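> Here is what each chain is made of, one letter per residue.
Number of protein chains: 2
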Amino acid sequence: MAESSPLYSELLERLKRAQLLESISSVMGWDEQVNLPPGGAPLRAAQCALLADLHHAVAADARTGELLAELEKPGAAATPGEAARLVIRWARRDHDRATKLPAEFVREKAEQGSRGYHAWTQAREKSDFASFAPVLEKNIGLARREAAYLGFEYNPYDCLIDQFDPGMTAAATERLFSELKTGLVPLVRAITAAAARAPVVVLRGFPVERQREFLREVTERIGFDYRHGRIDVSVHPFCSGSGEDIRMTTRFDADNPLDSLFSAIHETGHGLYEQGLPAEHHHTALGQAAGMGTHESQSRLWENQVARGRGFWRFFEPRFRELFPEQLRDVPTEELYRAVNEVAPTLIRTQADEVTYNLHIILRFELEKKLFSGALAVRDLPAAWNAASEELLGLRPACDREGVLQDVHWSGGMFGYFPSYCIGNMLAAQLWYRALELRPGLEEDFARGDFSWLLAWLRENVHAQGKRFDVLGLARHVTGEELSPRFLLRHLAERYGTLYGV
Amino acid sequence: MAESSPLYSELLERLKRAQLLESISSVMGWDEQVNLPPGGAPLRAAQCALLADLHHAVAADARTGELLAELEKPGAAATPGEAARLVIRWARRDHDRATKLPAEFVREKAEQGSRGYHAWTQAREKSDFASFAPVLEKNIGLARREAAYLGFEYNPYDCLIDQFDPGMTAAATERLFSELKTGLVPLVRAITAAAARAPVVVLRGFPVERQREFLREVTERIGFDYRHGRIDVSVHPFCSGSGEDIRMTTRFDADNPLDSLFSAIHETGHGLYEQGLPAEHHHTALGQAAGMGTHESQSRLWENQVARGRGFWRFFEPRFRELFPEQLRDVPTEELYRAVNEVAPTLIRTQADEVTYNLHIILRFELEKKLFSGALAVRDLPAAWNAASEELLGLRPACDREGVLQDVHWSGGMFGYFPSYCIGNMLAAQLWYRALELRPGLEEDFARGDFSWLLAWLRENVHAQGKRFDVLGLARHVTGEELSPRFLLRHLAERYGTLYGV
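Chains as they are written, first to last, in this note's numbering: chain X, 1 to 502; chain D, 1001 to 1502.
Hints are computed from structural coordinates only; laboratory data are not their basis. These numbers come from a predicted model, not from an experiment. The beta carbon of each residue, even a glycine, is placed where N, CA and C say it ideally should be. Accuracy of the hints is not assured; some may be wrong.
In silico contact screen, one side only, chain D against chain X (beta carbon under 7 angstroms); selected entries [what the hints assert, rightly or not]:
#, residue
1, Leu1020
2, Pro1038
3, Gly1039
4, Gly1040
5, Ala1046
6, Gln1047
7, Arg1227
8, Gly1229
9, Val1233
10, Glu1244
Looking at chain X on its own, in the form it has when it is part of the complex (with noise of 0.2 angstroms):
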């Protein structure tokens, strides 16, 4: 067996030291939008271009090769078991792309994203797109020539989307969003229209720290395990780390408590995520996170088919009462309901319900294929992106800081990543209601306090899996069929059918 045969042993070291190498940078991540005072910036810049010239250097080794060439041979005396041959099969394909990346355009990739980072926020906040411009011609050159260099067959976007996607191109893309964007444009009307009469209660007035009480009960009650982690404050929430050690954020604001409540469940959906996956692989693609559609999966059912529903509120609408009695006086439960899901559209992305959270996902994804196609220019992009903000949301930005300047990704060369967000909520849409299949009781067992069902189940069905299936396979997997955009309509349609009377 392969397992035990000293030349996987020395892949496995190989590995491992690559996995601690990205386990450092993580740190040093979290710790540059959490911590970092801004005179720190280009140390930290220099810091993260070494360690991303470290892990190339592990990564593209030549003894690397070595080692997978003598493992891969046919009539090799180790045959390699099934977890053995998906370890090696990944191990090959992050060799074989870091040896398709000169050291050279790392380092320059590595330095540009974190000038590109602070050129973007200095933008951002000038509502200064022509500043920013350059910056972005510049990344998309180094996504240009990254796709070049790692070989594709159609089209450069295909590959972008592969990083963070194993086995999405943008054709499959392109056919699940059509799909998507049919049905969910009349629906985003009637429920807006339909939410537009039945104006929200706004809650005002919550103190911060009793905030991020509720919060730590809710997410240690869902299952997130706080000596592997911690829960601190960003100005954009995230999730990084890994499984042993992992570092979510949130923002709070007095007067928006369920924004930052939501981001936080947001992101405890991802923590849970890497929590799942085998603390004993983390190394190896049987310990690894099948992809950003697969994450996005995760933190998007806990998020909106968990949290937004009507058992999770059950049980935890007592408590959040008990902490803040008085502002909470003059909103009756349904009233609460609804503001938990609150349906408007919004020029922000990082604002949006989720319901028209695809239409600002689905923007992004055709401008970008315009982008890599050429058939859009950089300086034509604030028109389009107003011109298309309008079409799907009805709502024109009054400045590119509403529109074209307010996502970070682009900024550090992120192409591609977009697409995850609404592919995550279709695979969470389908997961759920195959999951109710199996124990049609969920909503109840919520109303108890209980989501341990829940959470073992995807346990064993997703977190355990590692990288065993794409996300397109985790699908037929798990659910039995294609992954496809119905599951995600029909949740929205019951949903806010019956809230909305749709």
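Let chain X serve as the given structure and place chain D on it in line with the hints.
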């Protein structure tokens, strides 16, 4: 000039890489003490061991040796200037040390350091020296091996001291400490007898948020640059990071506001030193701290000479009272000043006043010397500690937690570090009297809230020097005299003579 030769530039690139790795280790170490969830400890140990390994590989790299050999050639085309000669000399020292230590040893020591720390926290909690003894044996064995690899003339302990304070030896420390002890023991006796007759007011019920506000104002006013640093909370206060991103910590206790304040000021002294090192030279000896004795002189000078003095309190007392009007209502100015300068022997070093603190260090120095000369076995250490404590401090620990298990240093294999605390106290007093000669009105500056002259003088004479002088050379350079305990004895006699009439 070597400064512009390609070989010298290549050397500098290599030194930059080494320094970046150190700065990453520093952030990871800070994070370990400030943020790490308990379950993340094994991962963090592996991360730190990898970073130590990478650093060692860079420092020991054969190409660095070749570059140094070329640059050191007397007939080389490039004749290095004074600055480059210093850089090369220190790079040689670091390279030689690295090549003398096998990579396997570096890894073993890093891993043992982490294991030792966790064994110590458990042993300390249970006050169980027996469970810690094997760890200590192992650490001493590693330190002996390290000294043997590095080589030493008389005594392995010299080699350990020299790690933290280049240029110092056990014999030189011995001479200084012996003179200090002779003067100090009767002085402590007189002060503590007088102090015991004048009990000190107890400060209680100081809300932590206001303490935080006060110490932020104080540390900012004396010159700490928060654009390049921050202060957080940890069990043991410390300062780490590099000048662009300094991480200080303190701890808070509502019933001990002076502890958090003086811990913060102490760490600010370290932080000011790091922030004063020339930033463009952080990767070479021109921009790195001279050693731990010099480092401690900076923290002690701000903590003791400055912040326990009359001028400082003339300026800050009104604000302190403004923030804590209730708590200080019945505390007259003179009583507050006495509380700031309370002297009372204690079993615990970190709680000691500035007078008896030095006895704690002498105790540890004498025991470390015996442990490394072979005159004392680990199993006899608790008894030796208790006897020395009784002799020097007049107090006998009731359990090992209050005695031999109280300090973290030995758990991580840090032997030879303690002396630098006391060396720092001596140098601080010596620098202080020199500053007073140059500017007799320093206390009046402070009373106006103006700390700029002193900081500028330290910046120029101490901080900007980098590693140009070792601790003995620095004393000579700045004060024109050899390092001597008599300035510290004079400072203590003057301050406590006035306060208690001894």
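> For every hint, state whether the structure bears it out.
So, going through the hints one by one against the coordinates:
With its C-beta approaching chain X no nearer than about 5 angstroms, D/Leu1020 sits inside the 7 angstroms limit, and its interface hint holds. Interface hint at D/Pro1038: satisfied, since its Cβ lies 5 angstroms from the closest Cβ of chain X, which is below the 7 angstroms cut-off. Taken as an interface hint, D/Gly1039 checks out: its beta carbon lies about 4 angstroms from the nearest beta carbon of chain X, inside 7 angstroms. Interface restraint check for D/Gly1040: the shortest CB-CB distance to chain X comes to about 3 angstroms, inside 7 angstroms, so the restraint holds.
With a least beta-carbon distance of about 6 angstroms to chain X, the hint placing D/Ala1046 at the interface is held under the 7 angstroms criterion. Against a cut-off of 7 angstroms between C-beta atoms, the interface hint on D/Gln1047 holds, since the closest Cβ of chain X lies about 5 angstroms away. Checking D/Arg1227 against chain X: minimum C-beta separation of about 4 angstroms stays under 7 angstroms; hint holds. Below 7 angstroms, beta-carbon pairs count as interface contacts, and D/Gly1229 has one with chain X at about 6 angstroms; its hint therefore holds.
A cut of 7 angstroms between beta carbons decides the hint on D/Val1233: the least distance to chain X is about 13 angstroms, and the hint is violated. Evaluation of the D/Glu1244 hint against chain X yields a held restraint, the C-beta minimum of about 4 angstroms falling below 7 angstroms.
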